[in-house]
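Full structure from sequences and hints, please.
Chains as they are written, first to last, in this note's numbering: chain A, 1 to 358; chain B, 1 to 358; chain C, 1 to 358; chain D, 1 to 358; chain E, 1 to 358.
One should not assume that every hint holds.
Pairs involving identical chains hold if they fit within one copy or between any two copies, as the list cannot separate such chains.
As the list claims (entries may be wrong) - With a straight-line cut-off of 30 Å between C-alpha atoms, the simulated DSBU-like cross-links for lysine-lysine are:
hint, residue 1, residue 2
1, Lys214, Lys355
2, Lys157, Lys206
3, Lys206, Lys353
4, Lys58, Lys353
5, Lys157, Lys58
6, Lys156, Lys214
7, Lys214, Lys6
8, Lys6, Lys100
By construction, these hints were calculated from the structure, which means they are not laboratory data.
The chain contents come next:
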Amino acid sequence: MTYFEKTYHTPGTAPGTLVSHEGADLEAVNIRLIDYTESSFIEKELATADECQSFLTKDSVTWIHMQGPMQADTIRNIGSIFNLHPLMLEDVLNKGQRPKVEEHEDLLFIIMSMPAVFDDEINIDQVSIFMGDNYIISFHAGTMDPFDPLRNRLRKKSGRIRSLKQDYLLYTIMDLIIDQGYPVLESLGYGIENIEETLLTASAEKTTLSAIHKIRHQLILLRRNLWPQREALNRLIHGGSPLFNESTSIYLRDCYDHTVQILDLIENYREMAASLVDIYISSTSYRLNEIMRVLTIIATIFIPLTFIVGVYGMNFDIAESPWAMPELHWYFGYPLVWGVMIATVIAMVVYFKRKDWF
Amino acid sequence: MTYFEKTYHTPGTAPGTLVSHEGADLEAVNIRLIDYTESSFIEKELATADECQSFLTKDSVTWIHMQGPMQADTIRNIGSIFNLHPLMLEDVLNKGQRPKVEEHEDLLFIIMSMPAVFDDEINIDQVSIFMGDNYIISFHAGTMDPFDPLRNRLRKKSGRIRSLKQDYLLYTIMDLIIDQGYPVLESLGYGIENIEETLLTASAEKTTLSAIHKIRHQLILLRRNLWPQREALNRLIHGGSPLFNESTSIYLRDCYDHTVQILDLIENYREMAASLVDIYISSTSYRLNEIMRVLTIIATIFIPLTFIVGVYGMNFDIAESPWAMPELHWYFGYPLVWGVMIATVIAMVVYFKRKDWF
Amino acid sequence: MTYFEKTYHTPGTAPGTLVSHEGADLEAVNIRLIDYTESSFIEKELATADECQSFLTKDSVTWIHMQGPMQADTIRNIGSIFNLHPLMLEDVLNKGQRPKVEEHEDLLFIIMSMPAVFDDEINIDQVSIFMGDNYIISFHAGTMDPFDPLRNRLRKKSGRIRSLKQDYLLYTIMDLIIDQGYPVLESLGYGIENIEETLLTASAEKTTLSAIHKIRHQLILLRRNLWPQREALNRLIHGGSPLFNESTSIYLRDCYDHTVQILDLIENYREMAASLVDIYISSTSYRLNEIMRVLTIIATIFIPLTFIVGVYGMNFDIAESPWAMPELHWYFGYPLVWGVMIATVIAMVVYFKRKDWF
Amino acid sequence: MTYFEKTYHTPGTAPGTLVSHEGADLEAVNIRLIDYTESSFIEKELATADECQSFLTKDSVTWIHMQGPMQADTIRNIGSIFNLHPLMLEDVLNKGQRPKVEEHEDLLFIIMSMPAVFDDEINIDQVSIFMGDNYIISFHAGTMDPFDPLRNRLRKKSGRIRSLKQDYLLYTIMDLIIDQGYPVLESLGYGIENIEETLLTASAEKTTLSAIHKIRHQLILLRRNLWPQREALNRLIHGGSPLFNESTSIYLRDCYDHTVQILDLIENYREMAASLVDIYISSTSYRLNEIMRVLTIIATIFIPLTFIVGVYGMNFDIAESPWAMPELHWYFGYPLVWGVMIATVIAMVVYFKRKDWF
Amino acid sequence: MTYFEKTYHTPGTAPGTLVSHEGADLEAVNIRLIDYTESSFIEKELATADECQSFLTKDSVTWIHMQGPMQADTIRNIGSIFNLHPLMLEDVLNKGQRPKVEEHEDLLFIIMSMPAVFDDEINIDQVSIFMGDNYIISFHAGTMDPFDPLRNRLRKKSGRIRSLKQDYLLYTIMDLIIDQGYPVLESLGYGIENIEETLLTASAEKTTLSAIHKIRHQLILLRRNLWPQREALNRLIHGGSPLFNESTSIYLRDCYDHTVQILDLIENYREMAASLVDIYISSTSYRLNEIMRVLTIIATIFIPLTFIVGVYGMNFDIAESPWAMPELHWYFGYPLVWGVMIATVIAMVVYFKRKDWF
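Here it is in structure tokens:
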């Protein structure tokens, strides 16, 4: 996981400079147009952005969605068709933008962060959305396309979504993006539970620590991206854009509630992860205590004994003197030494028992 | 305790999609209707939601309460009788919602979190309440019914509650839900006191740590659920809904005070729990110090002695040389070695005493 | 010290239910009435609350003060004389309320927390005050009476306090309650200084830790009670109650300043206490280092020596072979071994010196 | 350093009670009057406060400055000359006040905290300032007088300060007080750098820890005093007092900027000091690791060797049995044991190398 | 890295006192004038500030940029030409100012902090900018000139920047300054990743700790400087200065977005750095555990064995007694001792296995 994932130009570059995504070519990107009214439905893949122009004059809702690495030319082309500000186009191409909502007279420009779990890594995909009267253009730089359930709902003639305008479509797109957070958090929750169980039942491994660290990193990443999303949604709800129908705003508030709840969960996970580090440190030091207790018990019992037997391994008895280790010559000398040693052991054991070390 | 307890639909599902609770069937759920004025009182269990319709036209206050796992059909049915927005019905069925208050023209929609201790675990039950003119509908997905004291007060003819409208009933329901927090916090308080006593008098166990961790988790869970409840109450008090009688608002403020006080306590408990982790870590490292002191004293006294007796266990005396361990041949060699060893011990003991290790 | 000191009713109890304090009887409680104008002064102990009624019609300021465990009946009686809301009376009896100010048309209801040191424990006494036109009723559930200095000032005919109305009396009562915080903080400050000195000069004891923990607990308790008191005072100052004379408000601001300063000190103490835990942990681990250094020096010097003398304690020389420990037969074998051992010790000491372990 | 340095009266004392500073007498205090217009300049030391009265009626700016421990009588006297509220006079005498600005009709009352390093200790001196039309009265309870540079600027006829009114004088006094923070922070910065260097290059001493703790304490003290000063300045700037000339307010904003910058630095220092504690703890535990590694290497190499030589120190060979230590009788027995021991050492060394312990 | 890098005057110095930068002389500083309209372009280096006067009356945009250590005289000179307040000039010369925006009638005074990596150290250069009608004066006290890309854009006749006024030039300057933060954060991000990898794969070194500490210090430095920059930009955007064209404000908002994003990243880095300290501490204590486990296993196995072989090294057999170590005379005594020892080892190994120590 890298720490700095923002795309940026060399300082001093003119604003609105567009640079193609890495690996971008005409084949890599997928431009899909959906045009619908309550009764009609057209869906097609576009080869070039220009093909969409014929749909714009109609009264139907037109949704143009680009998926994959994008070329600067295509974006510039779309920009000129829909009359979009170069700074906005730069934001579309420069990944890692902060989520935001910009309200203009007859245009809404929204940048959202969509979290996704991929290969046990959490990625944040940027989705940029323009909404004008009767059209939505969305750009998704990621590789996996999560918008299929939405397209299926659009294809059904009886769907409520078909009877409403582009503002409701925008809501459904945003709702889908926000709700991607739930499975991500669910999987993070399982991750934390696993670590917790490992820490409280088994012994701490070094990998446990790096797992906690990784989860903390992912939570920070999520929070950095979703916190401004909350703000953006709030502004959208209270901005009172004329492009928004009054009846759609209750749906937007639902989106806002979901975002707040996801952020609440992230905060809690962060606290639990911090608490897990405490437990990790505590449990290693607890374990050290246990290890040292065993060592100390063994060493403290046997070191004095070894000294005693060392005493009677001395060779002083070769001196012809009554002072030269007379114990060696006693009839019961040997059993007596054993007696002394056993007494020492018992004393030690009693001491440790009293200290509550067993 | 699981970390992610929210029910959610697959991203992209149409808003307002209703899914029955797990284990929901017509027997599991209990629908109870109470209809009262100051003089009349009717209480009955309903088999289907439709039965309530006859009570709605009357001037009396009607309280319909559903308890237990609910079926999507029943909820949809009630929704159509009372003309409730599908998003609200979805909120009723999807457990783990954030507490909130939604004010609509002639309807108040409230989601509350009710904490309950069950089997040493803290559960958060969701209670969803709709209040319209002359009626209240409440949904409680939990298994234990705490509303009996309230029903008893309603049954008494002389009760103040009977002389007032549905807004006062709403207050009593909310008050009861909020006050469930007191016994929960009381039991958490005892838990913290127990751990504190264990840590400060006895020695730290590994289970102590997991007990602290569990309490922290429960406190985080409580806070996440009660913090938005405080906001919701605040909005209810200052919202000035026409469904609320002026004289009821002093009671709501009492509810608000209770919520704030419970949150204050949660914050304090959280701090004390964090302080307990410090104590846990400190006391394990203090204990390690004690263990190491014993080991060091024993080892430092006996290792040099063992060396000394080892010296005179060497076999150099077989060499016919005056340099070959002459001490072994001294008349007072053996007592002299003892003297050296006793002197060593005394020196060590003096050293340790001065270092304040005894 | 207990964590949960709030009195609460079983959830579902009707609001305004009054329960006597534990140990409350007519003897335990002391009702004292003071009635004064600039020229007149009456002070008497009342047997029942009804006796005060004769004083209320007069133009003089009447102060009724109850001290000690209270009976529900007495409170209900006073409530009906002065026309007080049942929820307020419930608050008076249920100890552990959050400090607050409630402004009503011709009544001010104030709950304050008064800290007091008793037997090295910090208690928070609840003082409830009602102020109407020309009267103040105050309830203090604690056992020690701190209001004597105030009564003495009232008894003096020339006192400024006698020439002013009940709002100035309220201020003096609140001022006295708030200023109780200073001696409490002074004693806590000494406590922290003592612990600090112990930690930085002597060695850490296990009792030091529990002393820090206790101080942290007391600080949290104080903060929880005084923080809302600050808010309440602020609201009182800016509320513009008609019961308050303009010239009194500068005095209230002085009260507010004191409260803020006490809270500032509490915050600082909390930080210093947290810093003391760091020092405790650091000093135990520092001490462990010292212990281990001694052990390591002794062990590392003597273990190799013990090995060397062990070598020459082997009995290989009985083999009739030139390879069988020829050293034992050398003329200078024994002094040579001593030389080797002394060289080993010197090498070790040099190594430790370079590692800066002495 | 003491934790509780506030002067306070016994709770219940009448407001406005004045108590002389410790050690206050007429000699100890220094009252200095400066009276100036653009063209005139008078400077004299006053024996009593009454002497200043003759200057007040004039159109010139009069600055009366008291330095040193003050007597209650003198303060009361000044209070009656300038008609100051008793609560203000109490604030002047009770040291340890929170910085604040009080705006009255024709009077500005300001309390400021002036930090000063003295003998490696940081003291906070209280400076109380009254500004009325054409006069400033300032009280400084400390011992060192920092106002000389300011007086020198006043003495110069050409100085800009002489051509302006008392509001500019007030600004220069406040500026001087605030700028005392820079040298204090500079010295604290050096202190932190020293500790940092000690920790990262040499080994941690116990005194290092108490040095960090002292710096943290000083930073907390500074912050507690300067934070409300910032608020007070802000209120002064936006208060729009008629006593303040419009052109002076840009200077006040400069003061405010300095205060904010000093507070920024304090926050950073606090974070760095907290980080130093982390480093202290880490480096002691790192050092412990190193010590234990040495012990473990030595012990783990020599303990098995000592066992081996111990085996061949046994006396079984006296048994006339082919099983009784035949190794002792082998021709190459002794060199073989050495071989085994050297192999053991090599194995251990390889093991430690692989574990990266050398 | 020093902690206190602010230039300040001795407290009591008159406001607006100008002191030359260290090493400032006429050669060191570089004054560059650019004067342009859409069609014309003049660029020249000025010897003295006075030369610029001829350009000011013209309708073209004039940009005067000073780079390097500055002399007080030059600054004073410019101040008098452009009629700048002495406090502003003092701010230009006193490095280490807090970023701010001051709006005056026909002048905008901006101080910005420009981070730059130099030799693995992060420096904060102060850039002071004055914008009046048709002119910009900027002062950069640092040594490296980052403004070349901007000058290149100005030199191109077709550049958008040439067709706009001085407000757009101001934006491009500010944009360039702010965007310097990206490469700095990128390099800090790599630094954190490196430390993370070291900590999680290899073993912790003492230098790792000082690297973390340095990064934390740098992050604090950055945050202290960029946080007020965010505020300043916000004020600029919402200030509605008449010097700013409406169409430029969308560009300013882009600047603001960049600053916020950089601050977001700094916060995250700070959290990750704090988490790294946890890992450092955890991994040293984990490593200690491992070391102690090895020591304990070796010691606990061999200490009892050494005792056993010590027993049979005693010389009691010289006593002519059946109690004197009869084991030595047994036929299978020696193999039996080996048996006992092997059994001991097996028991120990089983014990350790069960304790999960291998």
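Going through the hints against the structure:
Proximity of Lys214 to Lys355 under the C-alpha cut-off of 30 Å is restricted to the inter-copy arrangement: shortest distance 26 Å between copies versus 41 Å within a copy. Proximity of Lys157 and Lys206 under a CA criterion of 30 Å is satisfied in neither setting, with 56 Å inside one chain copy and 61 Å between copies. In this assembly of identical chains, Lys206 and Lys353 lie within 30 Å of each other by CA distance solely across copies; the values are 19 Å between and 33 Å within a copy. Neither within a single protomer nor between protomers do Lys58 and Lys353 lie at most 30 Å apart by alpha-carbon distance, with minima of 90 Å and 77 Å respectively.
For the identical chains of this complex, Lys157 and Lys58 are intra-copy neighbours only, at 19 Å inside a copy versus 42 Å across copies, given an alpha-carbon limit of 30 Å. With identical chains, the CA atoms of Lys156 and Lys214 are never at most 30 Å apart, being 42 Å at best within one copy and 48 Å at best between copies. Proximity of Lys214 and Lys6 under a CA criterion of 30 Å is satisfied in both settings, with 19 Å inside one chain copy and 23 Å between copies. When the C-alpha separation of Lys6 and Lys100 is checked against a cutoff of 30 Å, the pair qualifies both within a copy, at 16 Å, and between copies, at 27 Å.
Hint violations for this structure: numbers 2, 4, 6, all remaining hints satisfied.
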